[in-house]
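> Listed in order, the protein sequences are those of chains A and B. Every letter in the first sequence is one number past the one before it in our numbering, and letter 166, counting from 1, is 166. Every letter in the second sequence is one number past the one before it in our numbering, and letter 17, counting from 1, is 17.
Worth flagging that the hints you see were computed from the coordinates, not collected in a lab. None of these values were measured; they are calculated from a predicted model. Quick reminder that beta carbons are idealized off the backbone N, C-alpha and C, glycines included. Some hints here could point you the wrong way.
Here are the in silico distance ranges between beta carbons for each label pair [claimed, not checked]:
#, chain 1, residue 1, chain 2, residue 2, range
1, B, Gln561, A, Asn348, 47 to 57 Å
2, B, Leu352, A, Gly192, 52 to 62 Å
3, B, Thr173, A, Pro420, 51 to 61 Å
4, B, Lys129, A, Asp281, 46 to 56 Å
5, B, Glu282, A, Gly97, 44 to 54 Å
6, A, Gly150, B, Ile46, 49 to 59 Å
7, A, Ile11, B, Ile46, 27 to 37 Å
8, A, Thr63, B, Pro202, 52 to 62 Å
9, B, Arg45, A, Ala283, 51 to 61 Å
10, B, Arg45, A, Pro93, 24 to 34 Å
11, A, Asn319, B, Pro202, 47 to 57 Å
12, B, Lys119, A, Glu398, 29 to 39 Å
13, A, Glu323, B, Asn462, 26 to 36 Å
14, A, Gly150, B, Leu352, 37 to 47 Å
Chain A side only, calculated, beta carbon under 8 Å to chain B, not exhaustive [to be verified]:
#, residue
15, Ser24
16, Tyr25
17, Arg44
18, Glu46
19, Ser111
20, Asn113
21, Lys116
22, Ile118
23, Gly127
24, Leu246
25, Phe280
26, Asp305
27, Gly308
28, Phe427
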Amino acid sequence: MYKVYHRIEQIAGNVITVNAAGVSYRELAEVTSAEGVSLAQVIRLEGKRVFLQVFAGSRGIGTDARVRFLGHPMQTSFSEALLGRVFTGSGRPRDNGPAIEENMVDIGGPSVNPAKRIIPRNMVRTGIPMIDVFNTLVESQKLPIFSVAGEPYNQVLARIALQAEVDVIILGGMGLKFDDYLFFRDTLEEAGALSRAVLFIHTAADPTVECLLVPDIALAVAEQFALNDKRVLVLLTDMTNFADALKEIAITMEQIPSNRGYPGDLYSQLAARYEKAVDFDTAGSITILAVTTMPGDDVTHPVPDNTGYITEGQFYLRNGRIEPFGSLSRLKQLVNKRTREDHRTIMNTMIQLYAGFKETLEKQSMGFRMSAWDNKLLKYGEMFERELMDLGVNIPLEEALDRGWRILADCFEPAETGMPSDLLEKFWPREARPQDAGEEGGEPPAGEAEAAEQPQKSENDSEKEQEKASQE
Amino acid sequence: MAKNVGRIVGVNGNLLTVEFDQPVIQNEVAYAVTGKVKLKSEVIRIRGRYAEMQVFEDTTGLKVGDPVEFSGELLSVELGPGLLAQIYDGLQNPLPELAERLGFFLQRGNYLPALDRSKKWSFTPLVEKGAVVTAGEALGKVPESIFDHYIMVPFSFPGRYTVESVAPPGDYTVEHEIAVLKDEHGHEHKVSMLQRWPVKRPIRAYAERLRPSEPLVTKIRIIDTLFPVARGGTYCIPGPFGAGKTVLQQITSRHAEIDIVVIAACGERAGEVVETLREFPELTDPRTGRSLMERTLIICNTSSMPVAAREASVYTAVTVAEYYRQMGRDVLLLADSTSRWAQALREVSGRLEEIPGEEAFPAYLESVIAAFYERGGVVRLKNGEHGSVTIGGTVSPAGGNFDEPVTQSTLKVVGAFHGLSRERSDARRYPAIHPLESWSKYTGVADPELVERARRVLRRGNEVYQMMKVVGEEGTPLEDFLVHLKAEYLDAVYLQQDAFDEVDGATSAERQQYVFRKIVKILETNMTFKDRDAARSFFHGLTQTTKDWNRAPMESEDFKQIEQKIEKMVAEVTSYV
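Chain B with its partners taken away, still in its complex shape (with noise of 0.2 Å):
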């Protein structure tokens, strides 16, 4: 086959323009050559003789005239097993070992298989010889960290196969042939572990997509009570910088209840890359025992990493994300920041000189998010087993205003908003999710008769906190100012949680339900004082005693003790009129 090669007519920061001669697909990748190494790049337009191509490294060098390699493939990830524990940039080049290669930095046109093509697994057929397969169902597995990685019909395998031949049971490389089919027409394929995938479309080799219902648990109270995620849901982290996001998406990424989770580094700082990376392998998933770096991917393109590659990590990640549900797993994809990735696709908008939109974001920008988060749901696979991808980006909302056009286009889309909030960050209420702003659709862990209960003492305690700062304690009548105690004392022992106790770190669904029915029944019990100080220091007291409680292992005797301590305090106080 001739190659396909174009010439450089035009360079503008990471914007080529190239000119040829034999046809071109839209979104195909090329490689641009100067010297002797090659960068590889992604045509975005095309007009006339001439395509316009983002490259995904720095273009210094790069000459009029130099030659343009076209690939006639799309943008594509390796799927397969040896994905997990992996640190991966925006393209799937694997970051360990582009450090043992090249040093220190990442050094440009390097490009190293994502999967190591050496390592053996050990492959048990589930199919015979004969078996009639559609894509994306099992035709054998291998174990892979904790999981059974089953080795799929490749997903890009339209129609009906049938299995001509299946290899035994062995330890066979990413590369060999596992098995061959038999399409329709009698045209045999060979089939190994490895296969590949354009990341900008979706996986749809599943039966039917399903709507999301179970609650995804995280171990944030203030998530999992009043604004829930769902497992196959989506949702968003807004906040100005400083609110913690970064920190918040980290708590997650440890204590929530899932098989996986993707990390999308995107555009952002590179020392909290290294603190994931550093700490979750000494780490241990309290769930399975293991080290929490065998559930987790990392795909990092930190925010001085080429900017054309930070768009395609988003979509390289939620792509792994994919091929693991489509394992029946339930995965969690963290993408942090997606403002960076959207101003990323403002910069390359900007230099195609298209017509701007809303602060020069591209027209296209609330399509592109949606179809993003899209990518998230629950689906039941051919084998009629679930699997999920959960979506939770963050935003970094210019300004901390919460109207920019990236904000606004993501709430269109998601199932839950919880926005941070600077007066809470600053008053060191963590985690700092707004208790009166955020929203979510989904069914959490509690009752929700008892959380609308809840939420009408934050509110009430708010309009009363509004009221006295005119009027002064001096102005507020006990009954109201009880109500604005109370909804601190929520705020306080429920709402805001310790992340570095090891305890009230991570609440479980269980001890949140049984916790959370007890404070709502404090929160509505009838209580006299005599004046306001004896009320407020009463609270003072509770809320100490409370937060003791959350600190307490559930199945220990303090437990029990503090709780006890508690209905006595209340006790006290309470009046049966």
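If we strip away everything but chain A, and leave its shape as in the complex, we get (with noise of 0.2 Å):
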């Protein structure tokens, strides 16, 4: 029944242009040439001619090569048996397993009706006391984790994979170095969640067409998943690679580009993906974490600066930490006030004083003299960035917040904190500077006037080795 197109009119980057009739717009179509077959979807029609962007690339492709239209969409398989699987952008399995072909769901489907969204309610607990405590992470939220190249944002992915509790865990993989793909699967593997989880992976040894399938395939299972009750965390990186894949086929499609090479509709490109994000009225959800690195540092960068206006938050990551400033979640007041009553204000308080901290360096810096409360306030940071920004630290948000109270009560008198005073009488550590007072027999602490003297900044790498050196 279906029609077989021999002559290829015009190869142009991966975008190959047949003579054909009755075809729809975005229908998939089967390439086969000498390099062996790949799939196609129609993304142009103009009168006779068919536009089709070969997902395997055209590398190889002859004018004779073969067209053969399937007459429907860019579809992939729902069933429980995804689940422990890793597949390519495309769906194709990538592990040795058979291929999945029942059930089949279109992907990128009509957006969800926001008269059938909820407001979010429900915190995701990650074990990191820089997001439970400061910035939580709420069930249902979009969040790009903002990060320079050789940063460890995959670790950091992974580990919150791990340690949310979710239903179903679906990776997508964009421009993945070979590594860290196996770096992901191993890990999945060795904690035995691999068989809660998706992974659909494209490194960046695959054709560039296979990037830009990977979110939205990830996500319409992700979606059946989450309409089958599920809770559903969606994990992508990197969405920057996603970016630059649009950028690609935009330019060899002659499309005028806007900001730095970008299409004119990339923020419509991205906003469609993460928008998948929902708390459905009467059934699961999908909370997306993605990573985008920004390219330079530079976040006014159209990528980072066109997610920022998209996603609910963002968390910042630099120098191997999750930075206090910058980072924000939108959505931790929906859930934060509800965790326990001294939550909110250990989180004002600490950043607070952090950020008077930050201030006392920059002074120490100028070679202002140090006053008794600077003195206090170095202290301070110290103890915070060892004890809580070190993203080592794993720790569940209770024991985090008292992890805080007891770094406070070690720096500071009572009412230097600002804090409410019926805070303070409840949870103000009794015992005048119980160091050694038995709970997670934590780091040992380290010397005052080591920590005051400590250099800031200008020897980051000295900095990271000593961090390496206390994770292990």
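Starting from the two chains in their separate frames, assemble the complex, guided by the hints.
Laid out in structure tokens, this is it:
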């Protein structure tokens, strides 16, 4: 029943053109050439001319390649059998398992009716104090991790994936290094989480077009799980690669670029993916965490900039830590009033004092004399960075709050913190300076003098090494 | 009448090229048919026998040769009782009803009537047989939420009409005939409560346009006192992401002293619309004692909904706002965000392969933005009453840089500019409106003379602060240091406002006048201190006390007591030289 077309009229970039009739927009086709068989999708119709984007790339396609239209748009299978499996961006198995072709659903479906959404209300626990305490992740939130290349963002993602209390984890890898892919697979497997995960992986060596499909296919599967009452966490890394793939295709198609070569619809394209995050009125939810690497650490670059306007906050990953300034979870107010009564106060007080610490560091570097208060702040900042900010710290929210109180008690008098007196009464640790009070057998406290003298920023590298050491 | 049907010859994203034989109209609505689904679209360019059309839906599955049915009508909205408290998409489909029918997702090709056809409204005629009326004059009224909703002669009726008959008082549906009008040539026209109006054409059925002069009280101090908005004026809020644009608009939509608020959520997050739509029905409007939702209307086309409908959504919103203005109401239209709308224009322009302007925005961007804001204004209606549409639009400049085309085109046409700054939002100084960069051409609630004096303190304070960064505190004379402290004080206790505090969150015009006069007086008091630390700690204390004052209800005993305490504190440091 399918007609096969033999004459390719034009090949430019990854887009080929054939003359065909009765083809519908966004329909899939199979292109058979000496290189093998690849899927392709219709991206423009112009009279008889049909423009097809070839998923595997156009290299090796001859003008006599065979094109067979399949009569349906891009689909993916959805069933429980997907769990524990690894696929490519176009849905072919990447592990050695069998292809799954039951219960096909369209990808990139319509958006959710806002009237069917609800205000998010559940916290997602990650065990990372900088997230749980200071910028709580909320179920159905969409949040990017802004990072510079070289930061351990994939490690952070993997940790959140393992610790978050969700039913299904879906990983969409775009332009991943092959060893990063193996890292994710092995980490999930070791922790026994692979059986509740589905991986869609496009590695840097795979054809660009497949990179474009990864978020859509991952989110289509996530949506189906969510409709079946599952709480789904979708991890996307790295969305900048996705945007670059969009740019590449747009330029091949001779579209007018808008900002630094990116197509004018970059915002809409990103939003269409991120907005899949949802808490359904009467079913499950989708939470999206996506890495966006910032080229040149520039947050005004079109990709992080557009992302920031779409998402509900952002985490900044810098020097191996989640920065307290700039990082923001826009939805945290919805949940942190119900965790523990001291949560908000600890969050605000500790950040304000940390800001004071940063100011003191500046003063110190300018050679001003340190007052007694400055010395307290210096001690505090150092403890805060070591015992809460460090990504190696892995404790539940309540323990992190307790630890916050202990740090405050070690450094300040109760009145100096400016906290409401009823909370101080209830939570301020009784014993004066109980450095060895027995809980969590944490790191030994560092000498105060050392803390006060530590140089800031000038030697990032040595600092990082110290952190690594303390993680082990 | 023979249907005018064309054929698709090209598909590129949401842009169709359609071949036609019979006449078509620019901006005419047409439906592309694929299988059983009809997709709404609009003609945006005509070249020879080919019309280029933008489709308001996803175009997957369309084929070359598929039929396109032209409707002969421009893109229009339905106007009539029942609009308030509704939630529409950009094409005026009621979202709750769509959800009821289709479930979680917005399936394409489903269009529902905007107004409930079965609901009955209690009609009271206001004219008698033989009366002479023109477009926009009331024929009768029905009660809608807290207002009388006037049923008017359709705005599209030119010339004068004689009332042939009018329905007696009673309950009617929106499509029921309520009057028959005879035009000057003796033709009869039937009129119902429902009328249609093309969204891209301003409604002009009024006597004259006036200059906006009365302030619109938003209860946000920095706006009402320093950068006021007038009823019928226009203003814009540009700011980088995370600076609080949307929160500012949400607060405004809650507290503004206005009859009706139309919220156009244009290309922004769905989550924000959900907050409004789930919370507003629970909140009470202090002015009427009724739910806030009853004076609110939401047009939402969030970022993942089809782009072409995003462009339509701001026009739908402004048309509905104009409709209520015609009844003598004061309407506030909040558009969040106009940048997304401009981007929608850019996407279409790109597909049409037009020669791009700056940052690939189309060259006509400026005139389109100007025409939109010009639809705001105060008018004197034919019956002598006044009505107004105030337009407030947020702008989301790329990279937070105000030099980009959308911000610049908007600044040229608005009457007030509330620029949000990253520094202020990082320092948690909310609302993050920059007190030195923003401006307004309107007159606010406070005495302009006092405002000028306060502004001078802010400017001087900033100069001192800049200097202090170089020479350090030690190098700053105590006198200058005091100016800095005073500016900081004004900022902390008056410009900043805690949106989450019930009292501080909304300051009435009366209270603003009272408090502002007090604070300016403090700023202009000569003070003596022994050194900088003494001055700093005095101002810390004063700030703390004044903040408490802000949190005390104006009529309360606390308010008076704290006021006396402040006076006493100031008197202790005043120098009478």
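> Hints first: check each against the structure and report whether it holds.
Hints, one by one, checked against the model:
| no. | hint | result |
| --- | --- | --- |
| 1 | B:Gln561 / A:Asn348: 47 to 57 Å | violated (28 Å) |
| 2 | B:Leu352 / A:Gly192: 52 to 62 Å | holds (54 Å) |
| 3 | B:Thr173 / A:Pro420: 51 to 61 Å | holds (58 Å) |
| 4 | B:Lys129 / A:Asp281: 46 to 56 Å | holds (51 Å) |
| 5 | B:Glu282 / A:Gly97: 44 to 54 Å | holds (50 Å) |
| 6 | A:Gly150 / B:Ile46: 49 to 59 Å | holds (53 Å) |
| 7 | A:Ile11 / B:Ile46: 27 to 37 Å | holds (33 Å) |
| 8 | A:Thr63 / B:Pro202: 52 to 62 Å | holds (56 Å) |
| 9 | B:Arg45 / A:Ala283: 51 to 61 Å | violated (43 Å) |
| 10 | B:Arg45 / A:Pro93: 24 to 34 Å | violated (46 Å) |
| 11 | A:Asn319 / B:Pro202: 47 to 57 Å | holds (55 Å) |
| 12 | B:Lys119 / A:Glu398: 29 to 39 Å | violated (52 Å) |
| 13 | A:Glu323 / B:Asn462: 26 to 36 Å | holds (28 Å) |
| 14 | A:Gly150 / B:Leu352: 37 to 47 Å | holds (42 Å) |
| 15 | Ser24 | holds (5 Å) |
| 16 | Tyr25 | holds (4 Å) |
| 17 | Arg44 | holds (5 Å) |
| 18 | Glu46 | holds (5 Å) |
| 19 | Ser111 | holds (4 Å) |
| 20 | Asn113 | holds (5 Å) |
| 21 | Lys116 | holds (5 Å) |
| 22 | Ile118 | holds (7 Å) |
| 23 | Gly127 | violated (25 Å) |
| 24 | Leu246 | violated (13 Å) |
| 25 | Phe280 | holds (6 Å) |
| 26 | Asp305 | holds (5 Å) |
| 27 | Gly308 | holds (4 Å) |
| 28 | Phe427 | violated (23 Å) |
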